[in-house]
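A.B. asks: Residue strings, one per chain:
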Amino acid sequence: MVNEGPYNHQASDSAYQFVQAALAKGHRIYRVFFYNDGVHNATRLTEPPQDDRHVVNRWSKLAEAHGLDLVVCVAAGLRRGLVEDNLAPGFRISGLGQLVEAGIQADRLVVFGD
Amino acid sequence: MTEAAMDLEAEAAGVVKKFMYVNRKAPYGTIYALEGLEVVLISAAFDQDVSLAFLDDGVYQLVKGQQTKGIEVKNFSPTYRALEGYDIEKLYVERESLEARGLTADQLLVPVEVMGRDELVRRMEEQDVVIAF
Numbered sequence: 001m002v003n004e005g006p007y008n009h010q011a012s013d014s015a016y017q018f019v020q021a022a023l024a025k026g027h028r029i030y031r032v033f034f035y036n037d038g039v040h041n042a043t044r045l046t047e048p049p050q051d052d053r054h055v056v057n058r059w060s061k062l063a064e065a066h067g068l069d070l071v072v073c074v075a076a077g078l079r080r081g082l083v084e085d086n087l088a089p090g091f092r093i094s095g096l097g098q099l100v101e102a103g104i105q106a107d108r109l110v111v112f113g114d
Numbered sequence: 001m002t003e004a005a006m007d008l009e010a011e012a013a014g015v016v017k018k019f020m021y022v023n024r025k026a027p028y029g030t031i032y033a034l035e036g037l038e039v040v041l042i043s044a045a046f047d048q049d050v051s052l053a054f055l056d057d058g059v060y061q062l063v064k065g066q067q068t069k070g071i072e073v074k075n076f077s078p079t080y081r082a083l084e085g086y087d088i089e090k091l092y093v094e095r096e097s098l099e100a101r102g103l104t105a106d107q108l109l110v111p112v113e114v115m116g117r118d119e120l121v122r123r124m125e126e127q128d129v130v131i132a133f
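Here the protein sequences come in this chain order: A and B.
Numbering-wise (my numbering), the first sequence opens with residue 1 and increments by one.
Numbering-wise (my numbering), the second sequence opens with residue 1 and increments by one.
Mixed in with the good hints there might be a few duds.
[Unchecked claim] Derived, one-sided and incomplete: chain B residues facing chain A with beta-carbon distance under 10 Å:
#1 K17
#2 E38
#3 I71
#4 F133
[Stated by the list, open to error] Here are some chain A residues pointing at chain B (derived, C-beta under 7 Å):
#5 N36
#6 L87
#7 G90
#8 L96
#9 G97
#10 V100
#11 I104
#12 V111
These are calculated hints, taken from the structure and not from any lab test.
No experiment lies behind these values; they were computed from the predicted model shown.
Each residue gets a CB set at the ideal place from its N, CA and C atoms; glycine is no exception.
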């Protein structure tokens with residue numbers, strides 16, 4: 001679960017690195033759920049400076065490489081202008097039930113926030 | 001409820017895990033309390049063993065008589081009273097956090113279980129899922 005947007009907070013970077021490390025150790029990632037300002041990690045409109053990491057594209061690429069399920073909360077997204085039209089590749093929009101269901105199905109739920 | 005949500009519910013049927021939502025922030029000033037409460041309400045639909053913990057400035061979320069007109073934000077505190085209707089009745093408040101802010105349990109708008117930090121830690125250790133806002 002990622003609860004902060006890119007760049008302002010490290011939460012998304014930490015989550016990304018955690019997912020990479022978990023995959024490298026042979027764990028399965030059931031889902032990554034983006035909530036609160038974390039929904040901003042899913043906009044395809046960001047253009048960070050060339051010499052900086054591209055937080056959004058990095059998630060998209062990781063999702064493609066490993067078949068990750070990246071889910072953005074619909075209500076939190078609507079509140080912040082994150083909709084299908086500006087959704088980056090690899091993300092999908094769905095409800096909070098996806099978070100609770102992930103908590104039920106997965107062995108561990110890890111929260112990356114402020 | 002949407003069809004997709006009902007499918008999810010059916011899929012997860014039978015599994016009951018202990019979910020604790022930890023509220024650490026004041027009700028206004030940031031959106032964490034409000035959006036955290038939205039997660040709590042959704043999780044009620046999944047028939048899980050849900051509890052809420054309030055500590056640090058999170059104890060202010062439960063204080064009676066909130067008036068938000070001046071800051072033009074919706075007063076969502078009545079929603080805590082509705083939790084009982086969703087069978088969410090385990091509300092834990094950390095004694096140290098209350099005392100540090102000069103608050104007592106009778107200033108809170110719902111019945112809660114006040115407990116010391118050590119006891120709250122024990123409850124946290126029993127959980128399958130802890131989500132903190």
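A.B. asks: Take the shortest C-beta to C-beta distance between B/E38 and chain A; is it under 10 Å?
C.D. replies: B/E38 check passes; min Cβ-Cβ to chain A is 7 Å, inside 10 Å.
A.B. asks: Taking the least C-beta to C-beta distance, is A/G90 closer than 7 Å to chain B?
C.D. replies: The hint is violated - A/G90 has no Cβ within 7 Å of chain B, the shortest such distance being about 19 Å.
A.B. asks: Is the interface hint satisfied for A/G97? The criterion is a beta-carbon contact with chain B at less than 7 Å.
C.D. replies: At about 4 Å, which falls below the 7 Å cut-off, the nearest Cβ of chain B leaves the hint on A/G97 intact, so it holds.
A.B. asks: With a cut-off of 10 Å, does the beta carbon of B/K17 approach a beta carbon of chain A closely enough for the hint to hold?
C.D. replies: It holds, given that the least Cβ distance between B/K17 and chain A is near 6 Å, below 10 Å.
A.B. asks: Hint A/L87 vs chain B: min CB-CB distance below 7 Å?
C.D. replies: Where the cut-off is 7 Å and the nearest Cβ of chain B is about 17 Å from A/L87, the hint is violated.
A.B. asks: Taking 7 Å as the limit, does the beta-carbon of A/V111 come near enough to a beta-carbon in chain B?
C.D. replies: holds, 6 Å
A.B. asks: Hold the hint about A/N36 up to the distance rule: shortest CB distance to chain B must be less than 7 Å.
C.D. replies: This hint holds: A/N36 lies near chain B, its Cβ roughly 6 Å from the closest one there, short of 7 Å.
A.B. asks: Under the criterion of a CB-CB separation shorter than 10 Å, is B/F133 in contact with chain A as hinted?
C.D. replies: Result: holds, 7 Å to nearest chain A Cβ.
A.B. asks: Does A/I104 pass the interface hint, meaning its C-beta sits closer than 7 Å to a C-beta of chain B?
C.D. replies: Check passed: Cβ of A/I104 comes within 5 Å of chain B, closer than 7 Å.
A.B. asks: Against chain B, is A/V100 within 7 Å by beta-carbon distance?
C.D. replies: holds, 5 Å
A.B. asks: Does the interface hint hold: is B/I71 within less than 10 Å of chain A, judged Cβ to Cβ?
C.D. replies: violated, 17 Å
A.B. asks: Restraint: A/L96 near chain B, CB-CB cut 7 Å. Satisfied or not?
C.D. replies: At 4 Å from the nearest chain B Cβ, A/L96 passes the 7 Å test, so the hint holds.
The structure fails to meet hints 3, 6, 7 from the earlier list, while all remaining hints are met.
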